[in-house]
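Given the sequences, and given the hints that come with them, work out the whole structure.
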Amino acid sequence: MKWPSSKLGYTVAGMTVLAAVLVPFVLMGLFTKGFTKLGLHVDEMYSGGPTVRTIQEDGYTVTIHKAVYPHLLQTEKPFVQLDWKPVNALPQHVSDAVDVDGDGQPDVRVSFDVPKDPKTPLRADVDALNPRYQAMRNVGKRKFSELIVRVDDAILVRIPLTGR
Amino acid sequence: MADAVCAGLAGKTPPRTWSRALLLTLPIALWSLFMAMRGLMQPERSLQIASGLTAALMVVLFYMMMKTSSTYRWRRWFFVALGVLFPIGFIHNVMVLRGSMGIPIEEMIAGRTPFCFLPIPLLILPAALTKTLVFPGSLLPGGGMAGAGMAAMAGLWLAITLVVGKGWCSYACFFGGIEEGMAALPKKAQWKKLDPRLRLVPWAVLLAMALLSLALFEPAYCLWLCPFKAVSEYVAARNTVGLVQNGIFVVLFGALVIVLPVLTKKRTQCTFLCPFGAFQSIFNKTSVFDIKIDRTVCSPCVLCQKSCPTMSLTDESIKKGETLMSCMKCGACVDACPKGAAVWHIRGTQVAVKPERARLMFLYAAWAMAAMFGGSIITQGLATILQRVI
Chain A
1 MKWPSSKLGY TVAGMTVLAA VLVPFVLMGL FTKGFTKLGL HVDEMYSGGP TVRTIQEDGY
61 TVTIHKAVYP HLLQTEKPFV QLDWKPVNAL PQHVSDAVDV DGDGQPDVRV SFDVPKDPKT
121 PLRADVDALN PRYQAMRNVG KRKFSELIVR VDDAILVRIP LTGR
Chain B
1 MADAVCAGLA GKTPPRTWSR ALLLTLPIAL WSLFMAMRGL MQPERSLQIA SGLTAALMVV
61 LFYMMMKTSS TYRWRRWFFV ALGVLFPIGF IHNVMVLRGS MGIPIEEMIA GRTPFCFLPI
121 PLLILPAALT KTLVFPGSLL PGGGMAGAGM AAMAGLWLAI TLVVGKGWCS YACFFGGIEE
181 GMAALPKKAQ WKKLDPRLRL VPWAVLLAMA LLSLALFEPA YCLWLCPFKA VSEYVAARNT
241 VGLVQNGIFV VLFGALVIVL PVLTKKRTQC TFLCPFGAFQ SIFNKTSVFD IKIDRTVCSP
301 CVLCQKSCPT MSLTDESIKK GETLMSCMKC GACVDACPKG AAVWHIRGTQ VAVKPERARL
361 MFLYAAWAMA AMFGGSIITQ GLATILQRVI
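Chains as they are written, first to last, in this note's numbering: chain A, 1 to 164; chain B, 1 to 390.
If the Cβ cut is set under 7 Å, some of the chain B residues that face chain A in the computed set are:
no., residue
1, Lys131
2, Leu133
3, Pro136
4, Ala151
5, Ala154
6, Leu156
7, Leu158
8, Ile346
9, Gly348
10, Thr349
11, Ala368
Hints are computed from structural coordinates only; laboratory data are not their basis.
As the structure is a prediction and not an experimental result, all values here were calculated from the model.
Cβ coordinates follow ideal geometry from the N, Cα and C atoms, glycine included.
Below you can see the structure in the form of structure tokens.
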């Protein structure tokens with residue numbers, strides 16, 4: 001009675017050793033590909049959400065992202081992310097009125113200095129021209145939902161939504 | 001057999017001749033050389049030397065396992081080297097790329113946070129319910145410290161887990177080596193009476209952190225409890241909360257990875273905190289390899305119980321002839337048993353019938369994974385040191 005289960009045990013053990021040999025050549029790639037096909041995405045609180053549209057300014061663009069809302073008990077406010085890029089095409093001081101929701105009317109005026117040294121901390125002022133957006137004064141990078149940062153060749157500003 | 005009878009150790013395999021040990025080492029020698037080829041072909045001399053040294057280390061340790069028929073003490077050399085060299089290579093890379101061990105918010109937004117295997121179980125619930133990965137990394141290669149991305153780490157973890165199950169904690173984890181090294185320092189444990197209920201804490205941490213990660217949509221363990229943040233990377237403190245978080249990392253690292261292993265001779269972080277280890281225990285049930293206690297020859301002297309670094313043997317489990325599901329197949333109990341009652345085993349086969357065959361099959365699989373994954377990390381750490389020396 002023991003023989004079939006013993007045979008099965010050794011067969012599975014042998015297959016495990018074979019699987020070990022296949023890990024770097026086949027299995028790892030197969031599982032990695034399978035993982036990417038699950039349709040997972042990084043939380044938008046980090047990535048900033050998908051792009052909605054791009055506004056062409058004088059030599060640079062302002063990219064508007066879809067509004068991001070916190071999940072469950074996430075301790076951040078809902079926000080919208082705007083990207084100014086490329087950084088080297090930006091003037092020394094940016095002060096743009098941006099139509100975030102695409103209704104033809106400007107919703108916020110965002111102002112910030114563009115220092116030449118990329119390591120210099122950024123500060124932004126945001127005037128809310130639409131009550132849906134929260135005004136910010138001299139904001140740095142305190143929270144994911146309320147910040148200005150330089151990421152690679154873009155300056156990102158995240159403006160909290162007021163819920164109105 | 002005659003040697004075994006002479007030694008009076010029914011289940012113990014006698015030491016092999018050097019030629020037979022060498023023959024058994026040959027497949028691992030070829031594998032290690034193959035794994036080292038990428039480094040050997042690089043133009044940097046430090047990387048070439050590091051790759052060669054790593055391959056040699058893996059081969060010599062496996063040879064000694066074959067020659068002496070002892071597993072734990074040779075595996076420990078590899079594991080401690082892995083645990084010590086990982087932070088050296090990692091911190092050096094972080095400092096070169098970023099200039100600080102703290103991850104700035106810009107790097108998180110850019111998806112360049114390095115992803116290790118520890119948060120994997122905590123990402124499952126949010127991913128299953130909302131298809132969202134609550135980690136500021138990249139799914140695919142994201143540049144900088146992001147390395148190959150979360151998908152590659154998940155694929156690697158799944159593949160190695162398929163092969164070694166909970167053995168991940170003994171042959172692949174690049175954190176556990178530090179505490180195993182600390183636990184090896186004293187000759188005797190100062191604290192011998194440890195409450196066995198503490199073994200349940202990692203399960204509680206796993207449950208709490210998984211639920212918190214779902215509720216707060218953030219990798220709660222990485223932000224609040226991971227002791228290894230002290231020797232890798234952490235969220236750059238922007239406020240008091242950040243300072244408290246970093247303080248917790250340092251205290252937990254000092255207590256669970258440095259002080260308690262010295263006092264108890266146990267892997268205390270793995271035994272009393274690690275939620276990944278608890279999660280990985282589930283895969284002990286799917287692995288074909290396990291450790292059994294041959295009740296026909298067991299006295300019981302409980303030396304196996306004393307030697308187990310994760311308290312995975314209890315009086316009850318010894319009576320049943322098996323280990324608890326937290327057993328990470330390090331081989332300490334098998335080496336410690338004076339009667340050869342603790343044996344390597346393949347599920348479905350009879351206990352203590354050809355245990356050396358079970359050990360060999362497991363070690364070929366586990367050492368292949370160790371040389372592939374751990375070997376590349378050891379190489380990186382060694383190369384970092386050699387860059388400074390050469």
